[in-house]
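Visitor: In the order they appear, the protein sequences are chains A and B.
Remember, the numbering used here sits 3 above the position in the first sequence when you count from 1.
Remember, the numbering used here sits 3 above the position in the second sequence when you count from 1.
Don't take every hint at face value.
Since the list gives no way to pick out one identical chain from another, each pair is judged satisfied if it fits inside one copy or across any two copies.
Pairs of lysine-lysine, DSSO-like flavour, derived with a Cα cap of 30 angstroms [stated by the list, open to error]:
1) K28 to K60
2) K84 to K53
3) K40 to K28
4) K39 to K27
5) K53 to K28
Worth flagging that the hints you see were computed from the coordinates, not collected in a lab.
Computed from a predicted structure; not experimentally measured.
There are 2 protein chains.
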Amino acid sequence: MTTEIEIQVGLKSGMADPEGVNVKKALDLLGFDSVKKVDSVKCYRIIINKNEAEAIKECEEICKKLLANPVVHEYSISVAK
Amino acid sequence: MTTEIEIQVGLKSGMADPEGVNVKKALDLLGFDSVKKVDSVKCYRIIINKNEAEAIKECEEICKKLLANPVVHEYSISVAK
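When you get a sec, could you build the whole thing from the sequences and use the hints?
Guide: Below is the structure:
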């Protein structure tokens, strides 16, 4: 049995997000005036040979050990549709 | 009125995804044997001064003009929860 998990790793609020800022600038230059804010988030789709509950637990471990830096990142884990 | 939209820009199937491959390798080395595949996806959270329907239409435009390269990328747009 396999489960597809989506992990989103974003910056904690207050951390500088130069990629988001630059996308916002580019959108301003292109005339998208109604855009107020852009945040960039890194996302991983992981296919894992476990049931949902175990896969989520494993991904929690994966975030702590590899994908997220607790000083600057916050992450969320969900089952992908 | 503001709407928060989430845009996901991923690689079309068949395109090389070195970041995903390297995350998979790192997970193998760390002993996460049940992980079968990792895909990396870029995600943008955009706050936009429009109602939902108009915001989605604007983000479609944003993907075409700035965020996605139609040769290699596919994108999805959804209202963020």
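Visitor: Confirm or reject each hint.
Guide: Here's how the hints hold up against the structure:
For the homomeric pair K28 and K60, the shortest alpha-carbon distance between copies (20 angstroms) is at most 30 angstroms, but the shortest distance inside one copy (38 angstroms) is not. Within a single copy, K84 and K53 get their C-alpha atoms as close as 16 angstroms, and across copies as close as 27 angstroms, so both meet the 30 angstroms cut-off. For the homomeric pair K40 and K28, the shortest alpha-carbon distance inside one copy (10 angstroms) is at most 30 angstroms, but the shortest distance between copies (35 angstroms) is not. Taking the closest pair of Cα atoms, K39 and K27 come within 30 angstroms of each other only inside a single copy of the chain (8 angstroms); across copies the shortest separation is 36 angstroms, beyond that limit.
With identical chains, the CA atoms of K53 and K28 are at most 30 angstroms apart between copies only, with a shortest distance of 19 angstroms across copies and 43 angstroms within one.
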